[in-house]
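Chemist: If you want the building blocks of each chain, they are given just below.
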Amino acid sequence: MTKAGVGLAAVVLLAVLIFFAVSAWSRQPAIAKPSVQPINFPHNVHVQSYKIDCQYCHADARRSEYAGLPSVERCMGCHKIVAADKPEIKKLAEYAGKQEPIPWTRVFKVPEFTYFPHKAHVRASVACQTCHGPVETMTTVAATTGPSLANDMLNLVGFKPAPPALTMGWCVECHRRENVTNKRQAPLDCVTCHH
Amino acid sequence: MNRRDFFKIVATTGATAAAAGCQQATEQILPLVVPNEQLVPGVAAWFATVCRECPAGCGVLARNREGRVVKLEGNPDHPVSQGALCGRGQAAVQGLYHPDRFPGPQRREGDALKPVSWDDALKTFAEKLGGVKGKGKTLAVVSQLENGSLGALLDRWTQALGGRPRVTLEPFGYEAIRAANRATFGRDAIPYYAIHDAEVVLSFGADFLETWLSNVHYARGFARMHTFRDGKAGTFIHVEPRQSLTASNADEWVRNAPGTEAAVALAVLKLMLEGGQAADRRFGDAVASVDPRKVAEESGVPLETLQNVAKTFAAAKPGLAIGGGVAVSGSHATATQIAINLLNAAAGNVGKTVRFGPDSAYGKVTPYAEVARLVQAMAAGEIEVLVLGSGVNPAFTLPGGLKVADAIRKVPFVVSFAGLPDETTALAHLVLPDTHWLESWGDYSPMEGVNGLLQPTMKPVRDARQMGDVLLAVGRTALGTEAGKGPLPWESFQQYLKAAWEPVVKDKWSEALSQGGTWREGAAAPAVAVSPRVERVDAAAAKLDGGEGLALIAYPSIRWYDGRTASRSWLQETPDTMTQTVWDAWAEINTETASKLGIRQGDVVKLTSPHGAIDLPAYLSPTIHPGAVAVPIGHHYAPYHLRLKYVPAGSASANPMALLPAAADAVSGGPAFLSVKVSVARTGARRPLAVLQATHDQDERELARHVDLATARKEALGGKKLHEAHLSMYSEHEYKGYRWGMAVDVDACIGCQACVVACHAENNVPIVGRAEAAYGRQVSWLRIERWAEGLAAQPHNMFLPMFCQHCEVAPCEPVCPVFAAYHTEEGLNGQVYNRCVGTRYCGNNCPYHVRRFNWWNYEFPSPLEIQLNPDVTVRQLGIMEKCTMCIQRIVAGKDHAHRDEKRAVRDGDIQTACQQTCPTKAITFGNLKDEASAVSKLANAPRAYHVLDEIGTRPSVTYLKKVVRGGHEPEPRTGKGQA
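These protein sequence lines map, in sequence, to chains X and L. Position 94 (the first sequence) corresponds to 93 in numbering that gives the first Met the number 0; numbering is contiguous. Position 38 (the second sequence) corresponds to 37 in numbering that gives the first Met the number 0; numbering is contiguous.
To be clear, the hints were calculated from the coordinates, so they are not data collected in a lab. Every value quoted in this text rests on a predicted model; they were computed, and no experiment measured them. Keep in mind that the hints are not guaranteed to be accurate.
Subject to a maximum C-alpha distance of 27 Å in a straight line, what follows is the list of computed DSS-like cross-link-like pairs (lysine-lysine) [what the hints assert, rightly or not]:
#: 1; chain 1: L; residue 1: Lys113; chain 2: L; residue 2: Lys409
#: 2; chain 1: L; residue 1: Lys893; chain 2: X; residue 2: Lys118
#: 3; chain 1: L; residue 1: Lys409; chain 2: L; residue 2: Lys134
#: 4; chain 1: L; residue 1: Lys928; chain 2: X; residue 2: Lys182
#: 5; chain 1: X; residue 1: Lys118; chain 2: X; residue 2: Lys182
#: 6; chain 1: L; residue 1: Lys409; chain 2: L; residue 2: Lys231
#: 7; chain 1: L; residue 1: Lys920; chain 2: L; residue 2: Lys316
#: 8; chain 1: X; residue 1: Lys97; chain 2: L; residue 2: Lys920
#: 9; chain 1: X; residue 1: Lys97; chain 2: X; residue 2: Lys85
#: 10; chain 1: X; residue 1: Lys118; chain 2: X; residue 2: Lys89
#: 11; chain 1: X; residue 1: Lys50; chain 2: X; residue 2: Lys90
#: 12; chain 1: L; residue 1: Lys231; chain 2: L; residue 2: Lys293
#: 13; chain 1: X; residue 1: Lys182; chain 2: L; residue 2: Lys901
#: 14; chain 1: X; residue 1: Lys118; chain 2: X; residue 2: Lys108
#: 15; chain 1: L; residue 1: Lys505; chain 2: L; residue 2: Lys542
#: 16; chain 1: L; residue 1: Lys134; chain 2: L; residue 2: Lys497
#: 17; chain 1: X; residue 1: Lys118; chain 2: L; residue 2: Lys901
#: 18; chain 1: L; residue 1: Lys310; chain 2: L; residue 2: Lys136
#: 19; chain 1: L; residue 1: Lys893; chain 2: X; residue 2: Lys108
#: 20; chain 1: L; residue 1: Lys484; chain 2: X; residue 2: Lys182
#: 21; chain 1: L; residue 1: Lys735; chain 2: X; residue 2: Lys182
#: 22; chain 1: L; residue 1: Lys928; chain 2: L; residue 2: Lys735
#: 23; chain 1: L; residue 1: Lys735; chain 2: X; residue 2: Lys118
#: 24; chain 1: X; residue 1: Lys79; chain 2: X; residue 2: Lys97
#: 25; chain 1: L; residue 1: Lys310; chain 2: L; residue 2: Lys713
#: 26; chain 1: L; residue 1: Lys484; chain 2: L; residue 2: Lys497
To give an idea of the chain L side of the interface with chain X (calculated C-beta under 8 Å), a few residues [claimed, not checked]:
#: 27; residue: Glu26
#: 28; residue: Ile28
#: 29; residue: Val32
#: 30; residue: Pro34
#: 31; residue: Val42
#: 32; residue: Thr710
#: 33; residue: Tyr821
#: 34; residue: Glu824
#: 35; residue: Leu827
#: 36; residue: Gly829
#: 37; residue: Val831
#: 38; residue: Asn833
#: 39; residue: Asp870
#: 40; residue: Ile886
Note that beta-carbon positions come from the ideal geometry of N, C-alpha and C, so glycine has one too.
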């Protein structure tokens with residue numbers, strides 16, 4: 000092999016190695032599949048048929064970093080009577096009877112080096128669906144979030160596709176848009192979320 | 000090519016390899032079964048309690064996130080701590096989550112402790128108790144200083160079971176102060192010393208900025224008395240053979256020969272009386288035989304100095320003389336303290352700065368002579384059951400001459416309530432781990448009139464039970480009584496506590512709990528007079544056994560106290576301010592003495608007294624008296640979790656207590672910490688110390704600056720502004736909203752390191768261990784630099800807290816290839832961890848050397864990871880990090896002001912962790928754009944300067960020069976004048 004050939008091979012090898020590092024690092028948020036949940040909880044029934052507000056169950060969203068999940072006790076508040084004979088509700092009653100938490104599978108997650116406060120967004124009247132999608136229509140919550148390879152490839156060949164949900168580009172785009180169109184003061188400083 | 004393109008190209012090159020990808024495992028989220036109305040996930044709940052790391056009893060607030068305590072802060076309403084906390088208090092959470100904590104009760108089987116169920120353990124204990132019940136005084140109970148409900152219950156329990164009177168074991172009991180107060184004032188008590196009200200403080204060895212009585216409280220008081228404010232500043236004179244941290248904060252440090260403190264104090268009194276400066280001249284008899292000239296000769300303190308001290312002290316309105324450390328421990332101890340009492344009485348300070356009434360809890364410690372008697376009884380086989388409360392470790396903290404371990408071995412059944420394995424649990428037959436004080440109910444009164452209340456701030460981390468509960472249950476079984484009947488009717492200790500408090504708080508129990516206790520301000524102090532007969536005080540120097548050699552100064556250290564906090568890794572990694580040493584103990588020897596003995600720094604030396612010997616590396620110091628060797632008390636490696644990882648194998652524990660005699664001081668009955676001479680000999684081995692600051696000579700860099708009092712006063716009144724901003728080749732930053740900045744008063748900083756530990760706790764700063772620290776790889780974001788000026792043997796020290804200066808023209812920012820170091824909209828130097836690729840260019844370009852690199856993935860041994868602050872990212876290998884000015888607190892403060900209260904952030908809304916815990920309020924944080932903010936005023940004060948101002952970095956952190964008192968100005972090293 001010529002000297003240049005060795006050099007080229009070395010460059011390619013180095014690039015591949017760097018790629019592995021970058022790929023592992025940049026793909027930290029999971030690309031969520033339709034979730035498998037311990038209880039088949041239909042958001043659509045609760046939101047559309049019974050008109051229950053998101054924050055009735057996710058009650059911490061307006062005052063905390065986390066939106067919060069309803070306690071088992073809160074579920075049982077209604078389901079002691081409502082649909083108590085259905086098999087899924089019996090599973091719920093079983094958890095309540097054993098005084099055990101329901102091990103829900105997590106669907107939405109930002110990387111651990113990201114600080115995302117629900118409170119700030121709820122107080123700024125951002126609809127839950129803006130980030131979480133049309134959860135009110137879903138029987139099982141699913142979401143495609145985080146960076147995707149397809150997106151990277153499209154970006155590379157010059158297309159500018161919209162960034163997928165829950166990626167930083169997507170957050171920042173919304174903050175910028177809101178600041179221009181609605182004269183808001185959504186922060187754009189890195190350390191607001193990364194500290 | 001910009002950064003994004005670079006990454007795109009890199010990504011394409013290996014696109015094929017991406018197919019595999021990295022998928023995260025599914026994660027579960029668990030809701031609460033029953034919601035707790037007080038706890039909102041993601042929002043901190045605060046619980047008031049009392050710090051029990053030492054008997055000072057500071058009020059603390061515990062920050063509970065999602066049911067776990069993650070940080071402690073001083074309770075601002077509590078009269079002792081007044082919002083501050085020392086490093087030991089900050090590190091208490093490491094005791095709570097200590098990896099070595101007993102997982103549950105243990106019973107001795109052969110040489111080892113084996114886990115046992117609570118039922119079996121309690122049954123064994125009750126049987127043994129039943130066996131000794133009514134068999135004379137064969138049951139002994141030893142606890143730490145418990146003067147509240149637990150103490151009362153222990154006494155009741157001991158009495159019901161027919162045991163010996165309970166022994167309250169505190170290695171530092173200040174018995175000489177009590178003995179002297181009995182002699183001078185007829186009161187067996189340790190009074191409240193109003194340091195904050197004094198103009199001149201004259202201390203004989205009292206390390207009140209480190210461990211003496213109540214170090215946080217007295218540091219707060221010292222700051223009020225001593226820090227330059229509105230043209231005024233008090234004076235502090237300290238007499239000690241060694242330049243301790245407290246001594247180095249003195250305007251005048253007087254180095255005396257060890258053991259001559261009584262003579263020095265009496266000479267000062269005599270000179271004061273001779274000068275006619277004293278208000279009261281009745282005390283001539285006491286000092287009749289004292290010859291100041293002879294004292295000057297013996298103590299090595301020049302007569303002129305003695306005269307000046309007498310003059311300064313007598314002129315103070317009011318002054319305050321205090322005694323502690325080795326000055327009031329030894330055969331001269333009581334005489335020293337009587338002389339101090341007479342000094343106070345002669346100057347008219349009693350009732351003003353010496354206040355009986357709000358007496359210290361230390362006055363209730365069992366005299367050491369009693370403790371020694373108990374040990375003798377154990378050795379004689381008179382004790383059958385020994386009960387040791389949590390917080391006591393007699394096998395380690397008592398003088399080696401007592402041979403406590405041998406005595407304990409003679410006791411057939413030893414029960415320990417310690418939560419962590421130590422030298423004493425190694426001898427116990429049964430270990431019933433007590434809950435940590437952060438998990439416990441209780442009360443503690445650090446001084447008369449202040450009653451602190453403890454409440455559980457979280458569920459117990461381990462399978463521990465509160466000592467009070469165990470005693471009630473076991474006591475009833477042994478006595479054969481039932482709950483509700485007999486001498487121990489209470490169901491639980493909580494019930495007992497509530498019953499005890501009921502008459503005091505009535506229906507205000509919840510209020511008392513949320514406040515952290517009850518206290519009354521300004522309790523009337525009873526009039527105290529000097530007893531009519533003032534006898535002649537013996538000015539003889541302390542008697543030291545051991546013949547030839549150096550006087551051993553065993554001193555309590557600010558980090559270890561008596562050794563009970565030595566298992567906290569934050570404290571191990573926080574340097575001792577004076578020596579800047581981490582992860583080790585040392586023998587401090589005068590440089591000249593060492594050269595005579597052929598000892599170099601880091602040589603392991605054997606210190607031998609008639610009572611024992613220890614090996615320690617030598618630390619050479621130009622300041623310590625040539626006739627003394629000083630060793631900090633309480634350092635030990637073992638037992639320490641994963642110790643082989645953090646310190647080299649074979650590092651033996653080295654406590655100078657092993658060198659001390661059994662005998663109590665004849666006059667006071669206290670232990671004699673200054674009582675032996677030790678021979679110092681090289682062993683041939685070397686153990687270089689991990690010293691984090693290579694030099695204390697700042698050369699001409701003027702990092703820490705000072706100004707003399709007269710100039711400071713003139714400028715303060717004239718409002719002169721000294722520093723101007725340098726020109727910059729970069730475009731100016733514009734700050735639309737806030738611009739954060741800090742100010743550090745070098746005149747107020749006492750170098751106590753509390754801020755350093757608080758920063759570890761708040762910002763998830765990892766520890767690196769001894770070897771890594773020796774390489775200079777420590778991660779702490781904040782360090783206290785000590786800079787010495789003047790004569791080598793008598794330097795004036797300045798303490799410079801150094802952390803990221805958040806420069807406006809920051810050298811770190813332009814060199815970052817990935818834009819991880821950048822300037823934020825609010826004037827901070829942001830550091831974006833997820834961008835950082837670890838080139839370390841920023842660290843190399845930082846002139847302040849405050850950027851820290853993660854050379855490894857540092858671990859937080861389980862369950863210490865529970866302590867991690869959920870608001871701060873845990874950094875991984877290859878990441879650069881540094882002080883963020885507690886950005887998470889800024890974000891939270893803005894969130895609270897903007898969203899909850901619909902207003903801008905006000906001055907004082909946001910406190911950084913270091914500022915919050917500072918006992919002397921040396922650190923201020925705030926908005927530099929607001930001209931009325933405290934930080935702006937300080938930044939524009941005449942004393943303000945920037946470190947390395949001349950390189951034009953324009954830091955957002957302003958320092959205020961130390962004010963040196965007239966006449967005691969440090970000599971400029973090169974004759975160059977100060978700005």
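Chemist: It remains to establish, for every hint, whether it holds in the given structure.
Modeler: Status of each hint after checking the structure:
1. L:Lys113 <-> L:Lys409: Answer holds: Lys113 of chain L to Lys409 of chain L is near 21 Å, not above 27 Å.
2. L:Lys893 <-> X:Lys118: holds (13 Å)
3. L:Lys409 <-> L:Lys134: holds (18 Å)
4. L:Lys928 <-> X:Lys182: At roughly 23 Å apart (the allowed maximum being 27 Å), Lys182 of chain X and Lys928 of chain L satisfy the hint.
5. X:Lys118 <-> X:Lys182: Cα-Cα ~20 Å, so holds.
6. L:Lys409 <-> L:Lys231: Violated. Lys409 of chain L to Lys231 of chain L sits at ~60 Å, over the 27 Å cutoff.
7. L:Lys920 <-> L:Lys316: Holds, at about 25 Å.
8. X:Lys97 <-> L:Lys920: Not satisfied, since the Cα-Cα distance of roughly 52 Å exceeds 27 Å.
9. X:Lys97 <-> X:Lys85: holds (18 Å)
10. X:Lys118 <-> X:Lys89: Roughly 33 Å between the alpha carbons, so the hint for Lys118 of chain X and Lys89 of chain X is violated.
11. X:Lys50 <-> X:Lys90: holds (23 Å)
12. L:Lys231 <-> L:Lys293: This hinted pair is violated, its Cα atoms lying about 36 Å apart.
13. X:Lys182 <-> L:Lys901: holds (17 Å)
14. X:Lys118 <-> X:Lys108: The hint holds at about 16 Å.
15. L:Lys505 <-> L:Lys542: Not OK: Lys505 of chain L and Lys542 of chain L at ~54 Å, beyond 27 Å, violated.
16. L:Lys134 <-> L:Lys497: Answer violated: Lys134 of chain L to Lys497 of chain L is near 33 Å, above 27 Å.
17. X:Lys118 <-> L:Lys901: Roughly 14 Å between the alpha carbons, so the hint for Lys118 of chain X and Lys901 of chain L holds.
18. L:Lys310 <-> L:Lys136: violated (55 Å)
19. L:Lys893 <-> X:Lys108: Roughly 24 Å between the alpha carbons, so the hint for Lys893 of chain L and Lys108 of chain X holds.
20. L:Lys484 <-> X:Lys182: violated (72 Å)
21. L:Lys735 <-> X:Lys182: The hint holds at about 15 Å.
22. L:Lys928 <-> L:Lys735: holds (9 Å)
23. L:Lys735 <-> X:Lys118: Measuring from Cα to Cα gives roughly 24 Å; hence the hint holds.
24. X:Lys79 <-> X:Lys97: Given that 27 Å is the threshold and the Cα spacing comes to 15 Å, the pair holds.
25. L:Lys310 <-> L:Lys713: holds (25 Å)
26. L:Lys484 <-> L:Lys497: holds (18 Å)
27. Glu26: Given a least distance of 4 Å, the restraint on Glu26 of chain L holds.
28. Ile28: holds (5 Å)
29. Val32: holds (5 Å)
30. Pro34: Holds. Min distance 4 Å.
31. Val42: holds (5 Å)
32. Thr710: violated (40 Å)
33. Tyr821: holds (7 Å)
34. Glu824: holds (5 Å)
35. Leu827: holds (7 Å)
36. Gly829: holds (4 Å)
37. Val831: Cβ of Val831 of chain L sits 5 Å from chain X, so the hint holds.
38. Asn833: holds (5 Å)
39. Asp870: holds (7 Å)
40. Ile886: With Cβ-Cβ at 4 Å, under 8 Å, it holds.
Violated hints, listed in ascending order, are 6, 8, 10, 12, 15, 16, 18, 20 and 32; each of the other numbered hints is respected by the structure.
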